[in-house]
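Engineer: Whenever a hint applies, use it, and build me the whole structure from the sequences.
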Amino acid sequence: MYQKIIKRSLSNMRDSYLIYILACSFAIGVFGILLSMGDNPSLHYALRWWDTLIDDITAMMSGLFALCAFVYMIYVGGFFIKQQRNEFLTFEKLGMQRWVIVAIGFIQTVIVQAIAWIIGLIFMFVFQKFMGMLLFYLMQVRLNFEMYIGLQNIGQLFTLFIGSTLILSVINAVKTMRILQKKKRKNSVKTRWRLKIPAGVFGIVLLLTAQVCTLCLFKDMHTVSYSSRPMMEIGYIMGADILGTYLVYYGFLPSVLNIMEKIHSVAYSGINIFSFKYMKERLFQNISILWFVTELSALALALLTFCYFGYQAVHQNYNSAYPFELAANEDTVKVIREELKKNDAKVKGTYKTAVKINLVSYYSKSSQSYIRQPMTFMSYSAYKSLPKRMRKGNSNINSHQFLKIDYKSSVMYGNQEKEHDIEVKNAPMIQSAKVGYSFPYGSSMHFGPMMIVPNKYYQSMPAEVKDTFYGWDFKKGDRLSHSQLQKLNSYRDAYYMKVDFKSSLSRSSIKVMKKEPNKYAASTYTQAGFLRQGSLKKHFKQGGGFYLFIVALYSVALLIALGSVLTLRILLRDDYQSNQLRTLQKIGVEETEVKKIIIRENTLTFLIPIVFALIQSFAAIAMFDFGRHISKNIILIYGGYIVLYALFGLISYKVSWRGVKQKFNL
Amino acid sequence: MQIAVKNISKDFGKKRSTVHAIKDISLKVEHGEFMGIMGPSGAGKTTLLNMISTNERPDHGQVIIDGLDITQMHDREQAKYRRNKMGFIYQSFELLDSLNVKENVILPLALNRSNKKLIEERFNYMMQLLNIEKLSKRAIDELSLGQRQIVAAARALINSPEILFADEPTGSLDSKSATILLNYMQMINKKEKTTILMATHDAFTASYCSRVVFIKDGVVFSEIVNPGNRDKFFEQIINMQRTIGGGDYFNVSKNY
Ligand SMILES: Nc1ncnc2c1ncn2[C@@H]1O[C@H](COP(=O)(O)OP(=O)(O)OP(=O)(O)O)[C@@H](O)[C@H]1O
Ligand SMILES: [Mg+2]
Numbered sequence: 001m002y003q004k005i006i007k008r009s010l011s012n013m014r015d016s017y018l019i020y021i022l023a024c025s026f027a028i029g030v031f032g033i034l035l036s037m038g039d040n041p042s043l044h045y046a047l048r049w050w051d052t053l054i055d056d057i058t059a060m061m062s063g064l065f066a067l068c069a070f071v072y073m074i075y076v077g078g079f080f081i082k083q084q085r086n087e088f089l090t091f092e093k094l095g096m097q098r099w100v101i102v103a104i105g106f107i108q109t110v111i112v113q114a115i116a117w118i119i120g121l122i123f124m125f126v127f128q129k130f131m132g133m134l135l136f137y138l139m140q141v142r143l144n145f146e147m148y149i150g151l152q153n154i155g156q157l158f159t160l161f162i163g164s165t166l167i168l169s170v171i172n173a174v175k176t177m178r179i180l181q182k183k184k185r186k187n188s189v190k191t192r193w194r195l196k197i198p199a200g201v202f203g204i205v206l207l208l209t210a211q212v213c214t215l216c217l218f219k220d221m222h223t224v225s226y227s228s229r230p231m232m233e234i235g236y237i238m239g240a241d242i243l244g245t246y247l248v249y250y251g252f253l254p255s256v257l258n259i260m261e262k263i264h265s266v267a268y269s270g271i272n273i274f275s276f277k278y279m280k281e282r283l284f285q286n287i288s289i290l291w292f293v294t295e296l297s298a299l300a301l302a303l304l305t306f307c308y309f310g311y312q313a314v315h316q317n318y319n320s321a322y323p324f325e326l327a328a329n330e331d332t333v334k335v336i337r338e339e340l341k342k343n344d345a346k347v348k349g350t351y352k353t354a355v356k357i358n359l360v361s362y363y364s365k366s367s368q369s370y371i372r373q374p375m376t377f378m379s380y381s382a383y384k385s386l387p388k389r390m391r392k393g394n395s396n397i398n399s400h401q402f403l404k405i406d407y408k409s410s411v412m413y414g415n416q417e418k419e420h421d422i423e424v425k426n427a428p429m430i431q432s433a434k435v436g437y438s439f440p441y442g443s444s445m446h447f448g449p450m451m452i453v454p455n456k457y458y459q460s461m462p463a464e465v466k467d468t469f470y471g472w473d474f475k476k477g478d479r480l481s482h483s484q485l486q487k488l489n490s491y492r493d494a495y496y497m498k499v500d501f502k503s504s505l506s507r508s509s510i511k512v513m514k515k516e517p518n519k520y521a522a523s524t525y526t527q528a529g530f531l532r533q534g535s536l537k538k539h540f541k542q543g544g545g546f547y548l549f550i551v552a553l554y555s556v557a558l559l560i561a562l563g564s565v566l567t568l569r570i571l572l573r574d575d576y577q578s579n580q581l582r583t584l585q586k587i588g589v590e591e592t593e594v595k596k597i598i599i600r601e602n603t604l605t606f607l608i609p610i611v612f613a614l615i616q617s618f619a620a621i622a623m624f625d626f627g628r629h630i631s632k633n634i635i636l637i638y639g640g641y642i643v644l645y646a647l648f649g650l651i652s653y654k655v656s657w658r659g660v661k662q663k664f665n666l
Numbered sequence: 001m002q003i004a005v006k007n008i009s010k011d012f013g014k015k016r017s018t019v020h021a022i023k024d025i026s027l028k029v030e031h032g033e034f035m036g037i038m039g040p041s042g043a044g045k046t047t048l049l050n051m052i053s054t055n056e057r058p059d060h061g062q063v064i065i066d067g068l069d070i071t072q073m074h075d076r077e078q079a080k081y082r083r084n085k086m087g088f089i090y091q092s093f094e095l096l097d098s099l100n101v102k103e104n105v106i107l108p109l110a111l112n113r114s115n116k117k118l119i120e121e122r123f124n125y126m127m128q129l130l131n132i133e134k135l136s137k138r139a140i141d142e143l144s145l146g147q148r149q150i151v152a153a154a155r156a157l158i159n160s161p162e163i164l165f166a167d168e169p170t171g172s173l174d175s176k177s178a179t180i181l182l183n184y185m186q187m188i189n190k191k192e193k194t195t196i197l198m199a200t201h202d203a204f205t206a207s208y209c210s211r212v213v214f215i216k217d218g219v220v221f222s223e224i225v226n227p228g229n230r231d232k233f234f235e236q237i238i239n240m241q242r243t244i245g246g247g248d249y250f251n252v253s254k255n256y
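So the sequences go chain by chain: A and B. Take the first sequence: its letter number 506 is residue 506 in full-length UniProt numbering, and every next letter is one higher. Take the second sequence: its letter number 107 is residue 107 in full-length UniProt numbering, and every next letter is one higher.
Hints were generated in silico from the structure; no laboratory data involved. Any given hint might turn out to be false.
[Unchecked claim] Mimicking DSS-like on lysine-lysine, the simulated pairs with C-alpha atoms at most 30 angstroms apart in a straight line are:
id : chain 1 : residue 1 : chain 2 : residue 2
1  : A       : 663       : B       : 80
2  : B       : 102       : A       : 262
3  : B       : 216       : A       : 586
4  : A       : 586       : B       : 232
5  : B       : 80        : A       : 661
6  : B       : 117       : A       : 596
7  : B       : 193       : A       : 392
8  : A       : 663       : B       : 193
9  : B       : 14        : A       : 586
10 : B       : 102       : A       : 654
11 : A       : 595       : B       : 85
12 : B       : 116       : A       : 596
13 : B       : 193       : A       : 661
14 : B       : 216       : A       : 262
These figures come from a predicted structure and were not determined experimentally.
Structural biologist: Here's what the structure looks like:
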């Protein structure tokens, strides 16, 4: 008998359960994959350089993921109990004992959770390999990803299954109990207009000011390192967005619908007379869920933005630091050439550039102090003859202009200002120089900033030290073996420069030493002998790939969770709501019109959160995009998110229409 | 409107537990006729009305209204037909809970996008006529069953349908309200030549009809035509009910 009851209620809500179970299984599967990756030998092998990090990252990520998934399950699992309210109350009226009904709620949850776990674990076994290959692909590692699930992981998963299922079932049982205790249901929503309208208006004001503030943030963000204003603005925007959205949902949406309803010429024509009320009722029920989804979508978008710009910044920084796969200087070029010949490296291109090192002094705006240091000079024509990619992060100059290439003061905030009045030892002062961040031959190849100067200036300037830089590009890497590298290790430092600063530049001088000085004095600089940037590039790609993988996984999971919450809210109509649709059909409303109501409901439910989320995530762009135009890639990322989200809307519409139609044909 | 029902049948349920709700029924309803359908519970009255009113499709047979075979129409056309020509008083009322009384009543007019003045006019007229003006702002779930029934009747009659389907329209009404409603139905039947099909258990209600068809177990059992005298007709109906009842229920009442 009870078996029958459980079976029936499971099959009654099978569409909704299907979506819920799939979402849960996805979460469980992803969790299992993350967990087992921590112990995966081939991942450890591929990521040797990041070895200690893997365990920590996967443990942290899977932990965080599990927590979110659990909250989701508690929250959404409760929908199903609520949905069966009437049934439970009828059971009680029919004389079923309370504990039996509570047990039904409990057992249902156990069954659903068990199914979700079984599917999730299957998903994990099937897709572990696939996910691993995807990860390796993103990391650009050519290795086979071996399937591996440790015994310890199986134990962990099992205890988690038992634990979480128990907790969820108890929670649902308690929810069932609560339903039985308070039987009254608030059917007609009391609307306190005196409260709602001001609240809605205030919400709109908050949202508008947040937008204005965002525009300011676009302008102010670059001052973040020395002004507290941007942080205050960010704080305000977040607060105003979150609160404002809720107030608008709470006060404004119902008011708009109500006003539309009051305009009889609109409301009394056609199906509107019903659909406005219906929509209002549905929206009322879902206000907090819409809000929740909006804020989380905004969070997801902000996260994506953050990750994108973070990745960009690191990538750029990396690009400016490592332009050639292999670079050398005068002292080491011979040895390196010999070693390269030995192992038949396929050289794609070789470059060489003469440089002069001289002493400079100037007032730096970014650090707000006087600086004296050696600087590497390169002529304009030499600079122009290097591959284009070397100049990507730099301002364009013509043959009469100066360009100072320096480290970025911060990874995120580039300030494209000019430098002025740079004194050069025994050479004319440089009045103004443009600024860039891409070092030809890499920033670690030599000490300090670099200056590109007009050819004439270069030829006539004196040099404390003269040198020539060499760079190679290869097809498929430099192929230097481990033993070769060990041999080359002793050439890592070419020479050392000890600077003797005196009161004026012209009296200061640089002393070149071949031997490493005993003490690292503040004024001693090292000239690198060679730089093997190709392998660093590899490490970077691997780290970046891992990072992209995690971010992508998280955003997809978040999207699935949010989408399924909305879909379930739409699917789980109260009985009387779907009866109303049936009634409409009986009195002669065409199917297409009922369909229209369902479409409208779906569009509204999905559109409102995404629109508000997009408005809010605008601030995230402002935070990271520093007053530049909104880049194409970020639009693409957002577009992708919206497309996936819309896909959920479409599925939700299809399923919900199917459900209604089934009821019609009873 | 003239309705011709030809050999329709309808089964419910799957193989083993099939219910033959309607076995083989043929009927003819003339234009402007007020026809009653009587029979014990589960006889198939509601099912028959649903099939004639295009709410359900028969498994076999045809329903021809004014020469048009409506069973061959698409769902969409059926819905349009239903909306424009038919009015319904359902046994279970089928009122929309989220709308108030007024909105429920004017729904058929609003669906046809009638102009606002006409809507107000017809609404006030109906409310006055059925004596329920004071209900117009109330919510449906605050109404008694009888009040709901009369609101459902107002909704069915507001757009002066050409065919009115009434399934137990007086089942929950007190005799005064029932008399008002029946008189009105009779009036529109006489004046506007509205064709009315009404299913009922109640002999008094049925005595307003011009003809009553008795069905039992999904087939037509017999039929009585109103001889022009309501009391006599009432008597005949009671007698027929006794015959159909097979002596069980009605014999008990006779023995008292
Ligand atoms: N949707 C349905 N599914 C299954 N069986 C049904 C369905 N609707 C009606 N029936 C069955 O068809 C038969 C006729 O039902 P119907 O509702 O037409 O009876 P009725 O004459 O209107 O009875 P009442 O006087 O109680 O209203 C009954 O046996 C009923 O159980
Ligand atoms: Mg019936």
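Engineer: Hint by hint, note whether the structure agrees.
Structural biologist: Verification of the supplied hints:
1. For the proposed pair residue 663/A and residue 80/B, the alpha carbon gap of about 20 angstroms is at most 30 angstroms, so the pair holds.
2. Between the alpha carbons of residue 102/B and residue 262/A the distance comes to roughly 14 angstroms, so the proposed pair stays at or under 30 angstroms and holds.
3. A distance of roughly 26 angstroms separates the Cα atoms of residue 216/B and residue 586/A; the hinted pair therefore holds under the 30 angstroms criterion.
4. The suggested pairing of residue 586/A with residue 232/B is violated, with an alpha-carbon distance near 37 angstroms, which exceeds 30 angstroms.
5. For the hint linking residue 80/B to residue 661/A, the alpha-carbon distance of about 18 angstroms falls within 30 angstroms, and the restraint holds.
6. In summary, the hint linking residue 117/B to residue 596/A is supported, as the alpha carbons are separated by about 27 angstroms, within the 30 angstroms threshold.
7. For the hint linking residue 193/B to residue 392/A, the alpha-carbon distance of about 88 angstroms lies beyond 30 angstroms, and the restraint is violated.
8. The straight-line distance between the Cα atoms of residue 663/A and residue 193/B is roughly 36 angstroms, outside the 30 angstroms bound, and the hint therefore fails.
9. For the hint pairing residue 14/B with residue 586/A, the CA-to-CA distance comes to about 24 angstroms; that is within 30 angstroms, so the pair holds.
10. At most 30 angstroms may separate the alpha-carbon atoms for a hinted pair to count; residue 102/B and residue 654/A exceed this at roughly 33 angstroms.
11. A distance of roughly 23 angstroms separates the Cα atoms of residue 595/A and residue 85/B; the hinted pair therefore holds under the 30 angstroms criterion.
12. Pair hint residue 116/B plus residue 596/A holds up; C-alpha atoms about 23 angstroms apart against a cutoff of 30 angstroms.
13. Distance check on the hinted pair: residue 193/B and residue 661/A sit about 36 angstroms apart at the alpha-carbon level, beyond 30 angstroms; violated.
14. About 50 angstroms separates the Cα atoms of residue 216/B and residue 262/A, which puts this hinted pair outside 30 angstroms; it is violated.
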